[in-house]
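Combine both chains into one complex, guided by the hints.
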Amino acid sequence: ETGVTQTPRHLVMGMTNKKSLKCEQHLGHNAMYWYKQSAKKPLELMFVYSLEERVENNSVPSRFSPECPNSSHLFLHLHTLQPEDSALYLCASSQDMGGGQETQYFGPGTRLLVL
Amino acid sequence: AQKVTQAQTEISVVEKEDVTLDCVYETRDTTYYLFWYKQPPSGELVFLIRRNSFDEQNEISGRYSWNFQKSTSSFNFTITASQVVDSAVYFCALISWGSNYKLTFGKGTLLTVNP
Numbered sequence: 073e074t075g076v077t078q079t080p081r082h083l084v085m086g087m088t089n090k091k092s093l094k095c096e097q098h099l100g101h102n103a104m105y106w107y108k109q110s111a112k113k114p115l116e117l118m119f120v121y122s123l124e125e126r127v128e129n130n131s132v133p134s135r136f137s138p139e140c141p142n143s144s145h146l147f148l149h150l151h152t153l154q155p156e157d158s159a160l161y162l163c164a165s166s167q168d169m170g171g172g173q174e175t176q177y178f179g180p181g182t183r184l185l186v187l
Numbered sequence: 003a004q005k006v007t008q009a010q011t012e013i014s015v016v017e018k019e020d021v022t023l024d025c026v027y028e029t030r031d032t033t034y035y036l037f038w039y040k041q042p043p044s045g046e047l048v049f050l051i052r053r054n055s056f057d058e059q060n061e062i063s064g065r066y067s068w069n070f071q072k073s074t075s076s077f078n079f080t081i082t083a084s085q086v087v088d089s090a091v092y093f094c095a096l097i098s099w100g101s102n103y104k105l106t107f108g109k110g111t112l113l114t115v116n117p
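Top line first, the protein sequences correspond to chains Z and X.
Its first residue numbered 73, the first sequence is counted upward by one per residue in the working numbering.
Its first residue numbered 3, the second sequence is counted upward by one per residue in the working numbering.
Treat the hints with care, as some may be off.
Cross-link-like lysine to any residue pairs, in silico, SDA-like; alpha carbons within 25 Å at most [what the hints assert, rightly or not]:
{"no.": "1", "chain 1": "X", "residue 1": "Lys5", "chain 2": "Z", "residue 2": "Thr175"}
{"no.": "2", "chain 1": "Z", "residue 1": "Lys113", "chain 2": "X", "residue 2": "Ile51"}
{"no.": "3", "chain 1": "Z", "residue 1": "Lys108", "chain 2": "X", "residue 2": "Thr114"}
{"no.": "4", "chain 1": "Z", "residue 1": "Lys94", "chain 2": "Z", "residue 2": "Thr79"}
{"no.": "5", "chain 1": "Z", "residue 1": "Lys94", "chain 2": "X", "residue 2": "Phe49"}
{"no.": "6", "chain 1": "X", "residue 1": "Lys109", "chain 2": "Z", "residue 2": "Tyr177"}
{"no.": "7", "chain 1": "Z", "residue 1": "Lys112", "chain 2": "X", "residue 2": "Val86"}
{"no.": "8", "chain 1": "Z", "residue 1": "Lys108", "chain 2": "X", "residue 2": "Tyr34"}
{"no.": "9", "chain 1": "Z", "residue 1": "Lys94", "chain 2": "X", "residue 2": "Pro43"}
{"no.": "10", "chain 1": "Z", "residue 1": "Lys108", "chain 2": "X", "residue 2": "Lys5"}
{"no.": "11", "chain 1": "Z", "residue 1": "Lys108", "chain 2": "Z", "residue 2": "Pro180"}
{"no.": "12", "chain 1": "X", "residue 1": "Lys5", "chain 2": "Z", "residue 2": "Asp168"}
Hint data in this document are derived by calculation from the structure and do not stem from the laboratory.
Looking at chain X on its own, in the form it has when it is part of the complex (with noise of 0.2 Å):
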């Protein structure tokens, strides 16, 4: 069964304070792809990022880096120097072909950053 896992329900942080999202993924199939999207208090998503399985490069754009570790199923988003537009929603996906579409999204972590 495929399965995604983001333990952090809610996270409060103070403004310009590292925060880290984790992502814990399971799947059997060997082709794969990771997604972050946030999810802002308007209620669209937006797509942040797509990682597929063969590519473990970590990637940073602006304030917003993520770190994709196969060894470990784990897919984790940080934001440095958090600001308060931050506060959001973040859901963390997978999409998989074996012998079926698979999508699936984890439960999504609640981020508040206070001023």
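If we strip away everything but chain Z, and leave its shape as in the complex, we get (with noise of 0.2 Å):
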């Protein structure tokens, strides 16, 4: 099993719909993220949790919602999603935010496109 798996890898919904996309790490991390990676702009980072608590919340409007059950298992819940949401949205995992341990692996991310 590789480290950070996503599902699904690619999604295509409409503004109206309700999605969810799902990180798994496979790692034994306590640290989780999600970035937004627009084309021609940097990584966006939106959301960190540690030992499932959110720690880091940049700005991020409320249609993104994020979700940690686990330390192992990562969602961010789509609602009404606007055209310029569309982006690969990368997921990651660390063993902890500090003492050395702050070395992220990242997911192979998901494709979304809001038509």
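Have a look at this one:
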């Protein structure tokens, strides 16, 4: 089993749909992250969870709702998205957020298209 | 404010040439970590190296080498004898802990190695 998996790999949704992205890590890590990568923009950190508690929320619109039920799983619930939300959504995990354990390992991403 | 600058948006070289990717960072924190990631066309970011602010030793791993210089706030990455498989987007990133956790990615450099 690869370290960090994401499903689905591709998703097309209408603006009124509700969908969820799933991330699972098999590395025994304590921290998980959601990123958005748009064309010609730097990677944007959206959410950070450490030991299932949200640590960081970088002013992300409420139509994105994260959920971390345990340290191995992270979800991103999507609701009434806009076309500009079309992007590659990447999940990552790290052993911890500090103490020399910050190295993040990434999943393959979910390519989202909002019509 | 924390910042990571990758001034080279795109670089194109011919196979077997050496190429250096530049990364300049800004942070007010004294403890920080620098990273390089590779993103091939498949989309998944692959971790290459991590350096902490107290370790200025340069590192070599096969054809890859990294030059960390605190005096110029730079963490440059050199690929020796480039190969077509090195074609990817390369990201430099900075994590620091001051009063709070901060993570910043550069905009990336697209490297194309032509046969």
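Going through the hints against the structure:
1. Lys5(X) with Thr175(Z): OK: Lys5(X) and Thr175(Z) at ~18 Å, within 25 Å.
2. Lys113(Z) with Ile51(X): holds, 23 Å
3. Lys108(Z) with Thr114(X): Cα-Cα ~24 Å, so holds.
4. Lys94(Z) with Thr79(Z): holds, 5 Å
5. Lys94(Z) with Phe49(X): Distance ~21 Å between Lys94(Z) and Phe49(X) Cα, so the pair holds.
6. Lys109(X) with Tyr177(Z): OK: Lys109(X) and Tyr177(Z) at ~18 Å, within 25 Å.
7. Lys112(Z) with Val86(X): holds, 23 Å
8. Lys108(Z) with Tyr34(X): holds, 23 Å
9. Lys94(Z) with Pro43(X): Status holds; Cα separation ~22 Å.
10. Lys108(Z) with Lys5(X): holds, 18 Å
11. Lys108(Z) with Pro180(Z): holds, 13 Å
12. Lys5(X) with Asp168(Z): holds, 23 Å
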